[in-house]
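*Asks:* Quick mapping for you: the protein sequence lines, in order, are chains A, B and C.
So the first sequence is numbered by our numbering: it starts at 1 and just counts up by one.
So the second sequence is numbered by our numbering: it starts at 1 and just counts up by one.
So the third sequence is numbered by our numbering: it starts at 1 and just counts up by one.
Check each hint, because a few of them may be wrong.
[What the hints assert, rightly or not] List time: in silico EDC-like cross-link candidates among lysine to aspartate or glutamate, alpha-carbon distance up to 20 Å:
#1 B/Lys157 / A/Glu62
#2 B/Lys208 / B/Asp170
#3 C/Lys324 / C/Asp251
#4 C/Lys69 / A/Asp197
#5 C/Lys243 / C/Asp225
#6 B/Lys68 / A/Asp197
#7 C/Lys106 / A/Asp197
#8 C/Lys69 / A/Glu314
#9 B/Lys68 / B/Glu276
#10 C/Lys180 / C/Glu357
#11 B/Lys131 / B/Asp299
#12 B/Lys43 / B/Glu75
#13 C/Lys243 / C/Glu357
#14 C/Lys324 / C/Glu314
#15 B/Lys206 / B/Asp170
Please keep in mind that the hints were generated in silico from the structure rather than gathered at the bench.
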Amino acid sequence: MADGSGHHQVVVKPPNIATDIHRESDPLVRAVDRVALSGAAVALASGFVLPFVEFRANRIVEGVSYRTWSVAGVWGWLLLAALAASFAAALLPRGLRGNSLLVCGVGGFAAWLFAAGAAATRLMPTNGSSARVSIAMGAWLIFLGISVVLFQGNQTSTINGGRAMALAVAGGAGVAAWFLGGLQQLSLVYEYQAQSDTIWTLTSNHIVLSLGATAIALVIGIPLGIAASRVTAVRATVIPVAGIIQTVPSLALYGLLIVPLGLLGLPTLGTLPALIALTLYALLPIVRNTYLGVSGVDQAVIDAGRGMGMRRGELLLLVELPLALPLVLEGIRASLIMVIGITAVMAIIGAQTLGTLVFLGWGSIAVDLVLLGALPMVVLSIIADQGMRFLQRAIVSPGILIREGQD
Amino acid sequence: MRKNWKGAAAVFAALASLTLLVACTSGTSSNPSPASAPAATEKGPIRVGSKIDGEGALLGQIILQTLKANGFTVEDKTRTGATKVVRQALVDGQIDLYPEYTANGPLTFHSDVEVDPSVLQSATLTYETAKSEDASIGIVWLSPAPANNTWAVALPKALAVSNNLKSLTDLAAYVNKGGVFKIVGSQEFFTSAVAFPAFEKAYGFKLKPAQKIALATGDTAVTEKAAAQGSQGANAAMAYGTDGTISALDLVVLDDPKGAQPIYQPAPTVRKAITEKYPELATILDPVFAKLDFATLQDLNKQVGVDGKAPKDVAATWLTAQGIIK
Amino acid sequence: MITLEHITKRYSGLVAVDDLSFEVADGDVAVLIGPSGCGKTTTLRMINRLIEPTSGRVLLDGTDTRTLKPEELRRHIGYAIQSVGLFPHLTVAENIATVPRLLGWKRDRINARAIELLELVGLDPSVYAGKYPRQLSGGEAQRIGVARALAADPPVLLMDEPFGAVDPLNRDRLQVEFAKIQRELKKTVIFVTHDVDEAIRLADKIALMRLGHLEQYDSPEMLLDHPATKFVHDFVGADAALKRLSRVQVDSVMRTEVPSAHDNESALVKAAADSARFVYLTATDGTLEGWLDQRVLERGTPLADAATRINWRETAVGPDASLKEALSRMLELGYHNVPVVDDAGRLLGVVSLSDVERAMKGGDAHMAASAVTLESGNDASTNSPEG
Numbered sequence: 001m002a003d004g005s006g007h008h009q010v011v012v013k014p015p016n017i018a019t020d021i022h023r024e025s026d027p028l029v030r031a032v033d034r035v036a037l038s039g040a041a042v043a044l045a046s047g048f049v050l051p052f053v054e055f056r057a058n059r060i061v062e063g064v065s066y067r068t069w070s071v072a073g074v075w076g077w078l079l080l081a082a083l084a085a086s087f088a089a090a091l092l093p094r095g096l097r098g099n100s101l102l103v104c105g106v107g108g109f110a111a112w113l114f115a116a117g118a119a120a121t122r123l124m125p126t127n128g129s130s131a132r133v134s135i136a137m138g139a140w141l142i143f144l145g146i147s148v149v150l151f152q153g154n155q156t157s158t159i160n161g162g163r164a165m166a167l168a169v170a171g172g173a174g175v176a177a178w179f180l181g182g183l184q185q186l187s188l189v190y191e192y193q194a195q196s197d198t199i200w201t202l203t204s205n206h207i208v209l210s211l212g213a214t215a216i217a218l219v220i221g222i223p224l225g226i227a228a229s230r231v232t233a234v235r236a237t238v239i240p241v242a243g244i245i246q247t248v249p250s251l252a253l254y255g256l257l258i259v260p261l262g263l264l265g266l267p268t269l270g271t272l273p274a275l276i277a278l279t280l281y282a283l284l285p286i287v288r289n290t291y292l293g294v295s296g297v298d299q300a301v302i303d304a305g306r307g308m309g310m311r312r313g314e315l316l317l318l319v320e321l322p323l324a325l326p327l328v329l330e331g332i333r334a335s336l337i338m339v340i341g342i343t344a345v346m347a348i349i350g351a352q353t354l355g356t357l358v359f360l361g362w363g364s365i366a367v368d369l370v371l372l373g374a375l376p377m378v379v380l381s382i383i384a385d386q387g388m389r390f391l392q393r394a395i396v397s398p399g400i401l402i403r404e405g406q407d
Numbered sequence: 001m002r003k004n005w006k007g008a009a010a011v012f013a014a015l016a017s018l019t020l021l022v023a024c025t026s027g028t029s030s031n032p033s034p035a036s037a038p039a040a041t042e043k044g045p046i047r048v049g050s051k052i053d054g055e056g057a058l059l060g061q062i063i064l065q066t067l068k069a070n071g072f073t074v075e076d077k078t079r080t081g082a083t084k085v086v087r088q089a090l091v092d093g094q095i096d097l098y099p100e101y102t103a104n105g106p107l108t109f110h111s112d113v114e115v116d117p118s119v120l121q122s123a124t125l126t127y128e129t130a131k132s133e134d135a136s137i138g139i140v141w142l143s144p145a146p147a148n149n150t151w152a153v154a155l156p157k158a159l160a161v162s163n164n165l166k167s168l169t170d171l172a173a174y175v176n177k178g179g180v181f182k183i184v185g186s187q188e189f190f191t192s193a194v195a196f197p198a199f200e201k202a203y204g205f206k207l208k209p210a211q212k213i214a215l216a217t218g219d220t221a222v223t224e225k226a227a228a229q230g231s232q233g234a235n236a237a238m239a240y241g242t243d244g245t246i247s248a249l250d251l252v253v254l255d256d257p258k259g260a261q262p263i264y265q266p267a268p269t270v271r272k273a274i275t276e277k278y279p280e281l282a283t284i285l286d287p288v289f290a291k292l293d294f295a296t297l298q299d300l301n302k303q304v305g306v307d308g309k310a311p312k313d314v315a316a317t318w319l320t321a322q323g324i325i326k
Numbered sequence: 001m002i003t004l005e006h007i008t009k010r011y012s013g014l015v016a017v018d019d020l021s022f023e024v025a026d027g028d029v030a031v032l033i034g035p036s037g038c039g040k041t042t043t044l045r046m047i048n049r050l051i052e053p054t055s056g057r058v059l060l061d062g063t064d065t066r067t068l069k070p071e072e073l074r075r076h077i078g079y080a081i082q083s084v085g086l087f088p089h090l091t092v093a094e095n096i097a098t099v100p101r102l103l104g105w106k107r108d109r110i111n112a113r114a115i116e117l118l119e120l121v122g123l124d125p126s127v128y129a130g131k132y133p134r135q136l137s138g139g140e141a142q143r144i145g146v147a148r149a150l151a152a153d154p155p156v157l158l159m160d161e162p163f164g165a166v167d168p169l170n171r172d173r174l175q176v177e178f179a180k181i182q183r184e185l186k187k188t189v190i191f192v193t194h195d196v197d198e199a200i201r202l203a204d205k206i207a208l209m210r211l212g213h214l215e216q217y218d219s220p221e222m223l224l225d226h227p228a229t230k231f232v233h234d235f236v237g238a239d240a241a242l243k244r245l246s247r248v249q250v251d252s253v254m255r256t257e258v259p260s261a262h263d264n265e266s267a268l269v270k271a272a273a274d275s276a277r278f279v280y281l282t283a284t285d286g287t288l289e290g291w292l293d294q295r296v297l298e299r300g301t302p303l304a305d306a307a308t309r310i311n312w313r314e315t316a317v318g319p320d321a322s323l324k325e326a327l328s329r330m331l332e333l334g335y336h337n338v339p340v341v342d343d344a345g346r347l348l349g350v351v352s353l354s355d356v357e358r359a360m361k362g363g364d365a366h367m368a369a370s371a372v373t374l375e376s377g378n379d380a381s382t383n384s385p386e387g
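Turn these sequences into a full structure, and let the hints guide you.
*Replies:* Next up, the structure:
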């Protein structure tokens, strides 16, 4: 910026509110990391009590369960040792705790991968039969516990670039377990290999359908929400109607769509009706939150804006929408996550989504095929959730950012 | 205020790109209408659909790969959806062909037309009825496979052996004697007159309501597994004749000596516009389906349903072994 | 010049403002006052057309405001309200920049203006420009509200209880600052308040309203001395004389020729030379440190202990304080004289009780009587500065 005016430039320092608040809820201030402690405890207990893997002679027969220590050999014991170490690390004094948790967590993760691989290698017959080794409940809980330990460790670690190192080690362990540790023997991997050419198409369809429905709902819902905040008649119709739509089960909603679609000569199956149904579902949170956000703007602020000569559009764009933004984004987040779930159901009406795998797995009693469809959906939901939170931090003014951990 | 303009711009940019993405994707996945199909020198594209279940996907892949080997460009729309979905897609022209079962013609798609029960006892008559009824709405049936994927009753091998149950005649005697029996099936299996009630009528037995467990879905893997595990006291299951899961679960299928069930033979159903444009379709697909006899189909189904192999790979392996594709 | 001509506002039969007419001269502060529901805020909002009058018209320098687009009109009229209405999502600098941005000013000019205004309202730009409203105290927010209203340098300023939401101490300071800014900027201001003291202190003209019509439109002096109706008399209250004092600034009546010295000895010499009872003691830079009272010496106190040492921040008043404040300081401390110092504590002059009395002269009978009362209490023998 050319500053020939002679006025000194004011350096505007945006106050780092988010950091300040983060510090207040910092786990560092607590004597014992209870979260990590519970995570490690659950994982440890699961390791001893619950089945680690399940062996089936083929995909659909009843399986036989094996516990960590009985099936995964030295890796199983290493895994249990890492979990015990995580438990102890959670009790350490603050200075040591974060780094220890991170190290134990990464170690546990690597041991988990190799233990699963070792179990699969041991149980799978050498000749190419239809036998399957699946990750069982205990292993999933251990995985969850390790994730908790890693999360807490990552938050409190003082190692420079600790996160990058942890990621590198975990990634390396993953690659090693894949190629050397027998991880490829797991049923989930077999299911993936059988679906490898469709799963990416299904995933991208799922993403496009979910995002597309949310985007269309956004384009329709935000103006509707604004209109609802302005006109009583709109509010009195749109919000209850959107509310009723939400209560209609997804297949019933689709059933209601068939007739109007047919009358319009539009396809009644596949992507289009799915997109319409999903858009209808996505509408309520967006419309309602836009309405609440815009109508909740302090009257004094509106009065000030009008009094300073803002036109209606300027008031909306410069004042009302920016102030409603946190709620609107929250609505979009809710819609997106909900729609990612319902998109799966749309497989029934011929929309090729991750739900297709779930139904396929369900129909053929292939638990791992169901997981193969469900896991990417979980990942998508987490990405959507985190992405929306990131967007919120990025574009909502720090002056009105909803304080995390305080509501 | 600048920050918020930026924010608004970011939101709108994201929206715009999303909308664009949707537009593009729906553009690429949208079905080219016959009018805009490429020049006749190129064959296709033919959009191949299928039912969502394992056998559906397998048959779809067999058709798809056969057509591809014969110089057609194909679009993989297999696993389109449940029967109603895939059928509707064909009627609407969203797909060009898919494999369907012959008895579904008179029983499901044209159930308003009365058929003589004797028709359903005959594979040929069932096929001819389906063919002629669908001709009026522009759908052509190619030749069916000599495999009957009809409804059947499956029992755990142990039960069958210990009670010497081999056919439905034996079962009727066993049930009428007060033998312990509880069967899992789909809602439709128990209510449709041509399904389980047809067995009861033909073989002269009648189950009490408590002897039937009705599920909302019609997945025979589910019913068969329930019977194999004896969940909720079940010791019999609704099954399809060509199911690959039966032997894997140590079940046996009871014979139907009286032919009480309609005959469900899989055959490609094709939009008439496509058969008119490519009359060679029948000569390409008929020999392939002729090879899909009961044992073959059951084995291929086992590879998909039990071994968890991809229908695509199972189809490719079989077609290669048959010398249909190289 | 703002002219209201027969302004009436009715809401479904209810008359909020009834045939109101008055004029505000350029550079004047007109205060609208009255009990709640009297129509003062409605009147204010009809000037920038936030509310459209049912009948009558408002002229700005002879132009009928109805001929202008409401938004255009408002962009050229500053607007500050009691609840401040700062935009919570914008920084202080961005809040101030609102109208300039609407008017399409260049960024450099807007930035420069924001800095200038923050300095004008006494807030350090490097500290405050980047803050968000939720990080401000009530008084700071009110200051930003005023700065924002002034941003595009509008000739006319509408203020609806702009200092209504702060505690009395802060309010007093804001009033002093506003008076100072107004002396500098000479805006034409219409100011709504329900606080009579605030009105009397700040107004050139007061419009006292009741039930939608004007009871009296006059200078504060006229309103105090010649209330047009019993309502006006009752509303301004019985202590009109004291209220008048808040109109007079200390520097307009203080005596500036004050004997002062840097040490006790020279003070003694000075006292003798000027035959003065009090000689003020200042540091070499002129900062007030205390005084020497002859009476104390006469009682036989040694010269070294005779001086009264004070902290000027507690004892003295500023030149822009009102006489009311000066009087209150005298009564509080029991002194007859209050030194007047500048921001750095340098002695500027002295205001005495008799100066206060003189300023009251010309008031009504009641006021004269109170002056006499004060006079009778002015017994030097009993009221030494150390009293």
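*Asks:* If a hint holds in the structure, say so; if it doesn't, say that too.
*Replies:* Cross-check of the supplied hints:
no.	hint	result
1	B/Lys157 / A/Glu62	16 Å, holds
2	B/Lys208 / B/Asp170	18 Å, holds
3	C/Lys324 / C/Asp251	13 Å, holds
4	C/Lys69 / A/Asp197	64 Å, violated
5	C/Lys243 / C/Asp225	11 Å, holds
6	B/Lys68 / A/Asp197	17 Å, holds
7	C/Lys106 / A/Asp197	57 Å, violated
8	C/Lys69 / A/Glu314	15 Å, holds
9	B/Lys68 / B/Glu276	19 Å, holds
10	C/Lys180 / C/Glu357	25 Å, violated
11	B/Lys131 / B/Asp299	28 Å, violated
12	B/Lys43 / B/Glu75	12 Å, holds
13	C/Lys243 / C/Glu357	13 Å, holds
14	C/Lys324 / C/Glu314	16 Å, holds
15	B/Lys206 / B/Asp170	14 Å, holds
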